[in-house]
Amino acid sequence: MEIYNVTQSGETNFLTAPTLKDALIGDRVLIIVSDELHTIYLWKGKESSVRKKFIGARLAQAVRGDRGLTYKVEPVDQEEEPPALLNILGTKPAESPTAGQSMDVATPGKEPVESTEAAVAITLSADLKQKLMGEVLPEGFDREGIIIGTDYYGIIKSVSTILGKTVESSDIQKTEELPDGQLFDQSYGIRLLVEKGNISVVEILKRK
Amino acid sequence: MSLLEKIKGQAPPEGYEREGIILPPMFYAVTEKKVMVLGKEVVKTELEKAKDLPEGFIFSENYTPRIYIEGGKVVAIEILKKKV
Chain A
1 MEIYNVTQSG
11 ETNFLTAPTL
21 KDALIGDRVL
31 IIVSDELHTI
41 YLWKGKESSV
51 RKKFIGARLA
61 QAVRGDRGLT
71 YKVEPVDQEE
81 EPPALLNILG
91 TKPAESPTAG
101 QSMDVATPGK
111 EPVESTEAAV
121 AITLSADLKQ
131 KLMGEVLPEG
141 FDREGIIIGT
151 DYYGIIKSVS
161 TILGKTVESS
171 DIQKTEELPD
181 GQLFDQSYGI
191 RLLVEKGNIS
201 VVEILKRK
Chain B
209 MSLLEKIKGQ
219 APPEGYEREG
229 IILPPMFYAV
239 TEKKVMVLGK
249 EVVKTELEKA
259 KDLPEGFIFS
269 ENYTPRIYIE
279 GGKVVAIEIL
289 KKKV
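Residue numbers (this note's numbering), protein chains in the order written: chain A, 1 to 208; chain B, 209 to 292.
One thing to keep in mind: the hints can contain errors.
Computed footprint of chain A on chain B; a stretch qualifies when at least three of its residues, placed anywhere within it, have a C-beta under 8 Å from a C-beta of chain A [to be verified]:
hint, stretch
1, 226 to 233
2, 236 to 249
3, 273 to 284
Which stretches of chain A does chain B cover? Using the computed rule of at least three CB atoms under 8 Å from a CB of chain B, they are [stated by the list, open to error]:
hint, stretch
4, 135 to 147
5, 170 to 178
6, 183 to 195
Simulated from the structure, these hints should not be mistaken for laboratory data. It should be emphasised that the depicted structure is a prediction, and the values quoted were computed from it without experimental measurement. Heads up, the beta-carbon is just placed ideally off N, CA and C, and yes, glycines get one too.
One chain only, chain A, in its complex shape:
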């Protein structure tokens, strides 16, 4: 089991603790990866900020992208932990990100094949992706998310190392673990795509 602490700046720090229970502190949002349960818990402390919860939701999906589709993301609020998580509270977490089982769960030939329907549901169509990515971003802004209808799609950035060379890639995936309530931060901008008189896409842009 590995624990990652979500920071306010949008990063994760690998966390060590004597037991999982010791890591569960009220102002934290944690991503707890259990290889045994094939579950990525997004644990949200009672006093954690909306921003951390929001970032955690996106990062948990990114972790799932790394681990493979056999993993599920399960959001958990403090003091509402499900029995499966309560059962492992006394477990000692891994001491480094590479400890425990392999980071690469997607063993060739064993990864389940996702249906076309499911693939469309979690990402954007190739046409729409091309339209959005083909439009130059306003100067001084980065794209952080896309809203289509009532669905939020986050930009998932992956960094991997191949023979010592760092390779970065990004993809757009639907994020379902959004925190209820209002989200406002003045460092964000917005770009709209209007088609046939309706707002078809809302891009959430972050000021650099």
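Here the structure of chain A is known, so what remains is to put chain B in place on it, guided by the hints.
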């Protein structure tokens, strides 16, 4: 109370004013209606579904969104303009 009315009842963040609300995929613009009553101007603010939106991408760096989420879905996006 409709979602639109609920949002209308929320004060904008300090230093910002509301310019519109998106209830996907529709855009509701804040419109001011001025009426003269016995020589006195009365201004009423209403949210009206915007017609004739220009096609394509629209961007201005003076705007910031406030996002409303319910049940993991984005139910509304408020378009806020920074006061000068």
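Each hint tested on the structure:
Counting residues of the stretch 226 to 233 of chain B whose C-beta lies closer than 8 Å to any C-beta of chain A gives 3; at least three are required, and the coverage claim holds. With 0 residues bearing a CB less than 8 Å from a CB of chain A, the stretch 236 to 249 of chain B misses the requirement of three and the coverage assertion fails. With 11 residues having a beta carbon nearer than 8 Å to a beta carbon of chain A, the stretch 273 to 284 of chain B meets the requirement of three or more and the stated coverage holds. Only residues whose beta carbon comes within less than 8 Å of a beta carbon in chain B count, and the stretch 135 to 147 of chain A has 5; three or more means the coverage holds.
With 3 residues carrying a beta carbon less than 8 Å from a beta carbon of chain B, the stretch 170 to 178 of chain A meets the three-residue requirement, and the given coverage holds. Check result for the stretch 183 to 195 of chain A against chain B: holds, 12 residues qualifying (beta carbon to beta carbon below 8 Å, three or more required).
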